[in-house]
Structure formats: structure tokens, C-alpha cells
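Could you put together the complete structure from these sequences and hints?
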Amino acid sequence: MSFMKEDIPDLETLFEDFYHPNPHINEKAYERMVRFWPKESMDRLIPNLNHIDLALRRKSVRALAAYGDRVFEPIINIFLGTEDRVIRTSCFKILVGVVSKDKSIPLPKEVMNIIEIALLDEFPELILTTVNLLRQLELKGLPLLLKMVDNNNILMS
Numbered sequence: 334m335s336f337m338k339e340d341i342p343d344l345e346t347l348f349e350d351f352y353h354p355n356p357h358i359n360e361k362a363y364e365r366m367v368r369f370w371p372k373e374s375m376d377r378l379i380p381n382l383n384h385i386d387l388a389l390r391r392k393s394v395r396a397l398a399a400y401g402d403r404v405f406e407p408i409i410n411i412f413l414g415t416e417d418r419v420i421r422t423s424c425f426k427i428l429v430g431v432v433s434k435d436k437s438i439p440l441p442k443e444v445m446n447i448i449e450i451a452l453l454d455e456f457p458e459l460i461l462t463t464v465n466l467l468r469q470l471e472l473k474g475l476p477l478l479l480k481m482v483d484n485n486n487i488l489m490s
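In the numbering used here, each number is its position in the sequence shown, counted from 1, plus 333.
Calculated from the structure, these hints are not laboratory results.
Careful, some of the hints might be misleading.
Claimed, not checked - Label-pair restraints from in silico Cβ distances:
(1) 358 <-> 478: 30 to 40 Å
(2) 349 <-> 371: 12 to 22 Å
(3) 386 <-> 442: 31 to 41 Å
(4) 436 <-> 345: 27 to 37 Å
(5) 360 <-> 461: 20 to 30 Å
(6) 449 <-> 354: 32 to 42 Å
(7) 349 <-> 416: 30 to 40 Å
(8) 478 <-> 355: 30 to 40 Å
(9) 389 <-> 415: 12 to 22 Å
(10) 341 <-> 461: 32 to 42 Å
(11) 457 <-> 356: 19 to 29 Å
(12) 352 <-> 372: 11 to 21 Å
(13) 368 <-> 433: 16 to 26 Å
Each residue gets a CB set at the ideal place from its N, CA and C atoms; glycine is no exception.
Written as C-alpha cells, this is what we have:
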């Protein structure tokens, strides 16, 4: 389907809607970002993964999950490139969002690798998000869920 120039929304207008307090307006904005401005909008959303404003961080996580498998590579790279636990947890929340929307999306082996890395972390929020991701993965996540049971970390068990 082709779009005429006037049919493509302005990215700045979409971001204004994204910052709006109404979640329905936010969702429509990021859906249109994904459709019309995927690279540009993703580049502007990613820095929000450790934003001090929790509401903006959560909106950005939901928006980035809407990119589906296109978000895997940048999120994996961000996770591997930082020790910041807030950013790492945000990355996993994005993965949970992607998988929960479409369980048929094939996961690159790098996703399973960063799950293994996350299992070594003691940060409670990352542990809980990892468990949620593994539950979303169903049978693919079962071996790692079972591995978590035999652990000295009571939260992980």
C-alpha cells in the first residue's frame, strides 16, 4: 500500500501525542511511529529506557515492544553494552512485550544468551521480568525456568 506525502504524519506531532497523558492517544501515536517512522522513532525512544520519569520509561517500553522482531538487535546490544540494571530490566520488559504480542516470532539465539546472563543477576526487578519472559516463551523457556528452581536465590526459586 502506498501513501501520499500528506498521508504520512509528522514525527514531531506523533511525539506530542506520545507524551499526552491519555494512553489511547499514546498507543495510536506509537503505532503510527512504527508504521511511518520506524528508525527515527526507535532512535528517539531508546534513550528513554533509563529516564527518571517512570511514566515516560513505561510508555517507551510499550512503544518499543510494538516494533516486534525489529527491536531485537538494538535491545540485545543495549543489554550487553550496559551494567545499568534499570536499562537491562527495561530491555527485558520490551522482550516480554514482543513475545506476548506474537508468540510465533522466532527468537535469535542472542535473546536466549542474554536470558542466561540475566539469570546470573541478583537484581529483583530483572529476576521477576526474566521469569515473566520465560513464562511467555512457554516450552522454549521451560528448561531455563526449571534451572531457576535449583538456585540459592529465594526470589529466583
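Each hint tested on the structure:
Checked against the hint of 30 to 40 Å, the pair residue 358 and residue 478 passes, with Cβ atoms roughly 37 Å apart. At roughly 19 Å, the beta carbons of residue 349 and residue 371 sit within the given window of 12 to 22 Å. Between residue 386 and residue 442 the CB atoms are about 34 Å apart, so this pair conforms to the stated range of 31 to 41 Å. Separated by about 35 Å at the C-beta atoms, residue 436 and residue 345 satisfy the suggested range of 27 to 37 Å.
Between residue 360 and residue 461 the CB atoms are about 24 Å apart, so this pair conforms to the stated range of 20 to 30 Å. Take residue 449 and residue 354: their Cβ atoms lie about 39 Å apart, and the range 32 to 42 Å holds. In this structure the supplied range 30 to 40 Å holds for residue 349 paired with residue 416, their Cβ-Cβ distance being about 34 Å. In this structure the supplied range 30 to 40 Å holds for residue 478 paired with residue 355, their Cβ-Cβ distance being about 37 Å.
At roughly 19 Å, the beta-carbon separation of residue 389 and residue 415 lies within the given 12 to 22 Å, and the hint holds. At roughly 39 Å, the beta carbons of residue 341 and residue 461 sit within the given window of 32 to 42 Å. For residue 457 and residue 356, the hinted distance range of 19 to 29 Å is satisfied, since their beta carbons lie about 26 Å from each other. Checking the proposed 11 to 21 Å range against residue 352 and residue 372 shows it holds: the Cβ atoms sit about 20 Å from each other.
Remark: the range hint 16 to 26 Å for residue 368 to residue 433 is upheld by a beta-carbon distance near 20 Å.
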